[in-house]
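Asker: Sequence:
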Amino acid sequence: MFKKALSLLILSLLLYTTNCFSQNFRLGIIGGLTSSQISGDGIYGFSQFGAIAGADVNYKFNESWSASFGLQFNQKGARNFQSQTVYSAYRLRVNYIEAPVMVNYHLNKLQFSAGLYLGVKVNQKERNSFGAVDPVRNFKSFDFGGQLGVNYEIKENWQLELRFQNSLIPVRDHLANQVYPPNLFVLGNWHQKILDQGQYYTSLSLVVRWSI
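Per mature numbering (1 follows the signal peptide of the UniProt record, and there is no 0): the sequence shown = residues -22 to -1, 1 to 190.
Warning: the hint list may mix true and false statements.
Listed next, the in silico DSSO-like pairs over lysine-lysine satisfying Cα-Cα at most 30 Å (straight line) [to be verified]: (1) 118 with 99; (2) 133 with 171; (3) 133 with 87; (4) 118 with 38; (5) 103 with 171; (6) 103 with 38; (7) 133 with 38; (8) 118 with 103.
FRET-style restraints, in silico, Cβ to Cβ [to be verified]: (9) 24 with 120: 21 to 27 Å; (10) 67 with 45: 41 to 47 Å; (11) 175 with 38: 16 to 22 Å; (12) 147 with 31: 22 to 28 Å.
Worth flagging that the hints you see were computed from the coordinates, not collected in a lab. Every residue, glycine too, gets a C-beta built ideally from N, C-alpha and C.
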């Protein structure tokens, strides 16, 4: 009788602990648009738009802090349009599978996020006014960078999030002996040395998140 009671007590405690632990986890489904540019490629502005979609798992430590791990498809690149000063239109699209790891701070309906991401290149496509072109220089297989985000809860289980990403290591080399033009946005000598190493992504994403 005692053994049965003890077994029942242990089972009840395990079920209670598992239930409490699982309540801290939430699955999120995301979808939206990414606008991106590449520093050092001679094309300016966030003119290349692409899709972003994926899922993440969020674990809440307490009312203020949580951590999340995601897996997402993200389209980045660069684009310019034909004009009086631009002979040919050009569009570059590079597809990635990314895994962001984030730390989140919650304040009422707002959530502030910071973390890192690792992207694995799927493929790249380049086109101009005359059709598809063969890449002169391929992008590297990986994109590693930092990510920031601001999330607002629209209603229960639905959030709108603005994300910022920037590569921390070059995603493609410059042309031979080329350096980043110092007359562009450079914070100082240290920044100039980083930009001279190669090209980097900068992207903004607007996503809708559904929490389960």
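Asker: Please list, smallest to largest, the hint numbers that this structure does not respect.
Answerer: Going through the list in order, the structure violates hints 2, 4, 6, 11 and respects the others.
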